[in-house]
Amino acid sequence: MRRLMILILVLIVLSGVAGRVAYLQASHKNDEGTPCIYPGYGEMNARVLNLVRENVSLHVGESAEISGTVEGKAFLVDDETCHYSGHITLQAYLGPDVSKDSWSYMRGKLRDVEGLKVEISPSETTLTPGESVAFTLKVKPESEGTYYLYIVATSDTGWKSWEVIRVNVS
35 MRRLMILILV
45 LIVLSGVAGR
55 VAYLQASHKN
65 DEGTPCIYPG
75 YGEMNARVLN
85 LVRENVSLHV
95 GESAEISGTV
105 EGKAFLVDDE
115 TCHYSGHITL
125 QAYLGPDVSK
135 DSWSYMRGKL
145 RDVEGLKVEI
155 SPSETTLTPG
165 ESVAFTLKVK
175 PESEGTYYLY
185 IVATSDTGWK
195 SWEVIRVNVS
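Under the numbering used here, the letters of the sequence shown match residues 35 to 204, in that order.
Calculated from the structure, these hints are not laboratory results.
Every clue listed holds true.
If you anchor each label on the Cβ, the simulated ranges turn out as follows:
1. S204 - T115: 43 to 53 Å
2. R141 - F109: 17 to 27 Å
3. D112 - R141: 24 to 34 Å
4. R81 - I42: 47 to 57 Å
5. S97 - Q125: 12 to 22 Å
6. A168 - D112: 29 to 39 Å
7. R145 - E88: 15 to 25 Å
8. R200 - D113: 33 to 43 Å
9. D112 - D146: 35 to 45 Å
Computed from a prediction, not measured in an experiment: that's the story for all the values here.
Even for Gly, the Cβ is constructed at its ideal location relative to N, Cα and C.
Modelling step: build the complete structure from the supplied sequences, incorporating the hints.
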């Protein structure tokens, strides 16, 4: 009976160690191989997405191209330098005129794009630590109004970043 209890205890300990090793291998690591946990754990705006314009005025049928970048900026975790990186997806949404830094707040306010034709190229890419990835946003209005167009970058490593463009259509 005692051997059985020891065997069960050893199996429990080993399963915990194996799970921790798998977690560490799957998580993002810094240059020294130490796991990095992003500030805000995917909840806060990472602020690595930049757009050249914040306001666009167009007539129905006209189009505009807006350039942007996603930066593999550095951040510190317990005096360790880490970088925003990973496979990213860029998507467009409509939302409120005032943006917040909380993803749980913004997620409930964003909706599918209507009244604008929007293309993002590339819509998926890989961000390397310390580098920037350029993208182009093409906007063509289909109806009049004021639109708050959100561009959201989501990474497979857990972070999110978003910016908003005010599109005035007459």
